[in-house]
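Asks: Okay, here's what each chain looks like letter by letter:
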Amino acid sequence: MTLTVTDLVIARGGVPVLEGLSFTLNPGRALVLRGPNGIGKTTLLRCVAGLQPPVSGRIEGAGDTIAYAGHSDGIKPTLTVAENLTFWARVFGAGSIGPALDAYELNDLTDRHAGNLSAGQKRRLGLARLLVTGRPIWVLDEPTVSLDRSAVEMFAGAVRAHLAQGGSALIATHIELGLEAELLEVGPYKARPAPLDDFDGGFL
Amino acid sequence: MIALLLRDLKLSLRAGGGFGLGLAFFLIVTTLVPFSVGPQSALLATIAPGVLWLGALLACLLSLDRLLALDWEDGSLDLLATAPLPLEGVVSIKALAHWITTGLPLVLAAPVLGVLLNLPAPGYGWLVVSLILGTPALSVIGTFGAALTVGLKRGGLLLSLLVLPLYVPTLIFGAEVARRGAAGMETATPLLMLSGISAAVIALLPFASATVLRINLR
Amino acid sequence: MSLSQKMNALWAYANPKKFLATTERVLPFFWASAAVAIVVGLAWGFFFTPDDYRQGSTVKIIYLHVPSAMLAINAWLMMLVTSLVWLVRRHHVSALAARAAAPIGATMTVIALLTGAIWGQPMWGTWWAWDPRLTSFLILFLFYLGYIALWEAIEDPETAADLTSVLCIVGSVFAVLSRYAVNFWNQGLHQGASLSLDKEEHVADVFYYPLLVSIAGFILLFIALVLYRTGTEIRARRIRALMARERVAA
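Those protein sequence lines, which keep their order, are chains A, B and C. Start counting the first sequence at 1; every next residue gets the next number (the numbering used here). Start counting the second sequence at 1001; every next residue gets the next number (the numbering used here). Start counting the third sequence at 2001; every next residue gets the next number (the numbering used here).
Okay, chain A solo, but in the shape it has when bound (with noise of 0.2 Å):
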């Protein structure tokens, strides 16, 4: 499945913060977003996912291909780690949660509460979902914070599997994951102020 975004102009708080942004992400590859804070990532990523409408351009192929992950992990603290994924698996509809908690090493915490996890414990929670949506494109926010270096390891490693196995995923991030990715720099796409005399809908 190809992500394909067309001149997207995105906005936060009815203000534009990126216009004429452009890219194509093919099944196997990752694209990694780079940009200042605010520059407007998370709202990029939030658009791609669905959540929220572009002011205007196209988005396809997203949409029941996508699986998002942002900056809180929907992790219920009573549930343990086990009943976690297995809800989200059984939401998707896909198979055993066995492969996910392997490849994030959660296997001795599994009967754990999850409100007893370290912030690294149930971010690699959180990341573990990804596995068990059975979805072919993962949209990821800043996807290692508070991972230590072997987290980030089996993280990268995650991903490498999912891009093997005909995946893509479309990060924002800072750290060097060493994946094989492309990178974008959104910095250059950051929308300018519109004209100050067109005083229409959007006031101003």
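Watch out, some of these pointers could steer you wrong.
With a straight-line cut-off of 27 Å between C-alpha atoms, the simulated BS3-like cross-links for lysine-lysine are [stated by the list, open to error]:
hint	chain 1	residue 1	chain 2	residue 2
1	A	Lys122	B	Lys1153
2	B	Lys1153	B	Lys1010
3	A	Lys190	B	Lys1153
Label-pair restraints from in silico Cβ distances [unchecked claim]:
hint	chain 1	residue 1	chain 2	residue 2	range
4	C	Leu2027	A	Ile175	45 to 51 Å
5	C	Leu2138	A	Thr6	50 to 56 Å
6	C	Ile2118	B	Ile1002	56 to 62 Å
Hints were generated in silico from the structure; no laboratory data involved. All C-beta atoms in this analysis are idealised placements derived from N, C-alpha and C, irrespective of residue type, glycine included.
Here the structure of chain A is known, so what remains is to put chains B and C in place on it, guided by the hints.
Replies: Below, chains B and C alone, put in the same frame as chain A:
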């Protein structure tokens, strides 16, 4: 869908408060009524159906602000919105889980509390029937209110302000069924109206709730 | 002009700049004519009509009560229409007009309730009765409060416009439901409609004409207030937009 329902039920069981708090609140309100209006049993018998309905309604209201807010805070709603479930289904299931954990226990507890308020004998059946038909509407309307206010930091009070006026028709017909039943009068008309409101609300309002939730997730 | 051309001409006012320019020109006319009509209507009604043979001079509160009650309902209807226009056509002015009308409608509801209470005291011997009409107005007031509170609570203007519009539509359905429920729940004291096409029903001509003038005055006042407040909302939004633009540019 079933996975979501089971998860929500499990969560409210484990977090405590799901089943217990609403019921305890209902009990306390019912206990306070005689303190405020006096212990005359004839008076209590007259107002019992209305008081029990109002108590049930307020107990329902109590847990609404957690209905979607918890899933909002931990990011589950974002993930559910990108999951294969339609959001209309998600809010319906949420309302159902709320009814099972709040509405249903209230229905079961109401006759017991009716004894405390000296509810006349013919009223028990009608009270239970009216609550069974009416409380689902309360949960569904409440879910709409919760979806409207989910993104707000202090949405609890606003949620009550928005939801309570929407509860008026359900309360009027529900309490009317219980009151007429207790007085031994004919109940068919308000009963039909109550069922009609519940059916319409359950069928249509989830679409509004899902719309509002999508707007809030943007 | 064909209908579609007329419609297009109408939508041009959905542009905030055009709206401001136009309202600036027509507002003085609305203010003046509203003042004239209200002064004439009230003075005529209060001083130049006979006392009612049953209700005495108390009947004269009708010149405040009926217009405010009509506007209380019609302001909500206007909000419903502008909310729908916003949801369908995404014209910001439409959403802001709904926001601007809400406090006016709420005030009208309060005026209708207060004048009703002042009238009801000598007539029915009570300030308040749980009569269907009175009760419905009280519920309408609660809907106004909720609507206004929701606008105030949400920071992002577009989200606020969307959510309040949905609330307005859902609220309208429930308001109508409540009206029927309340009718069913208690038959009332309130007299029939003051204005009606049925000649037998409505008030005598001598009260009728000053009432019409007064209603016209209230409607003009309402239009003037909505236009004025919408203009204020537009300017507030423009300031917000300009400040956001500065932040992005910085």
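Asks: Would you pick out the hints that fail for this structure and give their numbers low to high?
Replies: Result: hints 3, 4 break, sorted rising.
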